[in-house]
Structure formats: C-alpha cells, structure tokens
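Engineer: Put together the whole structure using the sequences plus the hints.
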Amino acid sequence: MVTQAMDMEDLGPLSREYGPDSEIDPVCIDPVWKQIAAILLSRIRAGWYQPGKPIPSVKQLHQEFGIAKGTAERAVNWLKEQGLVRSVVGRGVFVLPEHMRPKNE
Numbered sequence: 001m002v003t004q005a006m007d008m009e010d011l012g013p014l015s016r017e018y019g020p021d022s023e024i025d026p027v028c029i030d031p032v033w034k035q036i037a038a039i040l041l042s043r044i045r046a047g048w049y050q051p052g053k054p055i056p057s058v059k060q061l062h063q064e065f066g067i068a069k070g071t072a073e074r075a076v077n078w079l080k081e082q083g084l085v086r087s088v089v090g091r092g093v094f095v096l097p098e099h100m101r102p103k104n105e
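So in full-length UniProt numbering, spot 9 of the sequence shown is number 9, and the numbers just go up one at a time.
Take the hints with a grain of salt, since some may be wrong.
Result set (DSS-like, lysine-lysine): computed pairs, CA atoms no more than 25 angstroms apart in a straight line [claimed, not checked]: (1) Lys-69 x Lys-80; (2) Lys-69 x Lys-103; (3) Lys-80 x Lys-103; (4) Lys-69 x Lys-59; (5) Lys-80 x Lys-53; (6) Lys-53 x Lys-69; (7) Lys-80 x Lys-59.
Taking CB as the label site, the calculated pair distances span [stated by the list, open to error]: (8) Gly-83 x Ser-57: 17 to 25 angstroms; (9) Pro-97 x Pro-26: 32 to 40 angstroms; (10) Arg-91 x Cys-28: 31 to 39 angstroms; (11) Ala-68 x Ile-29: 12 to 20 angstroms; (12) Ala-68 x Lys-103: 32 to 40 angstroms; (13) Pro-102 x Pro-26: 25 to 33 angstroms; (14) Met-100 x Asp-25: 30 to 38 angstroms; (15) Arg-16 x Asn-77: 17 to 25 angstroms; (16) Arg-16 x Pro-102: 21 to 29 angstroms; (17) Arg-16 x Gly-90: 35 to 43 angstroms; (18) Pro-13 x Lys-80: 20 to 28 angstroms; (19) Cys-28 x Met-100: 29 to 37 angstroms.
Simulated from the structure, these hints should not be mistaken for lab results. Heads up, the beta-carbon is just placed ideally off N, CA and C, and yes, glycines get one too.
Structural biologist: Written out as structure tokens, the structure is:
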C-alpha cells in the first residue's frame with residue numbers, strides 16, 4: 001500500500017497509512033497536502049489511475065476532498081517532483097508508465 005511512500009524523503013514520515021479510499025482527517029498531524037499526496041499515490045499504485053491516463057484535476061480534487069485548490073496543487077506538484085506524473089499543457093496531469101518512473105518508486 002502506501003507504506004513505501006512513507007519512506008520517500010520529500011513526503012516524509014506519515015502518522016498513519018493512507019489507502020485509495022482514505023478520507024482527509026482534519027485533526028491528523030499530517031498536513032492536508034501530504035494526506036492528499038499519499039491518497040493519490042496509493043490510487044496510482046492500486047491501478048485507479050492507469051499509466052497514460054489523467055489523474056483528477058486540481059478543481060476535481062478541491063471538490064472531492066473539500067480542500068483549497070492551493071492544497072490540491074501542492075499535492076499534485078509533489079507527485080510531479082517524484083516523477084510519477086507529468087503535466088501536458090491544456091490537457092491535464094498524466095500518470096507516467098512504470099518504465100519512465102524513478103527506480104526508487
């Protein structure tokens with residue numbers, strides 16, 4: 001599950017495990033953007049978002065989780081920094097195929 005994500009230096013340690021069906025916990029010590037990033041990562045790993053297909057837009061994440069758009073953007077940017085997704089201007093953010101992802105993922 002997301003246990004591997006907890007080892008990623010940029011996301012840092014998380015107080016709990018996040019799965020594809022997890023919800024945001026406003027009283028959790030993990031920042032909301034990290035919770036979103038962990039949920040998105042678990043969805044990618046679980047196959048909810050297939051390689052070559054888009055992840056939800058910032059607006060969709062804002063609506064799904066009831067979070068600020070800036071918070072959603074920060075979570076998506078983390079996925080980009082990790083080399084898991086790539087932006088295509090005017091089209092969205094797409095999951096990269098396994099062979100294009102960093103080896104430590």
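Engineer: Checking each numbered hint in turn, tell me which of them this model violates, lowest number first.
Structural biologist: 2
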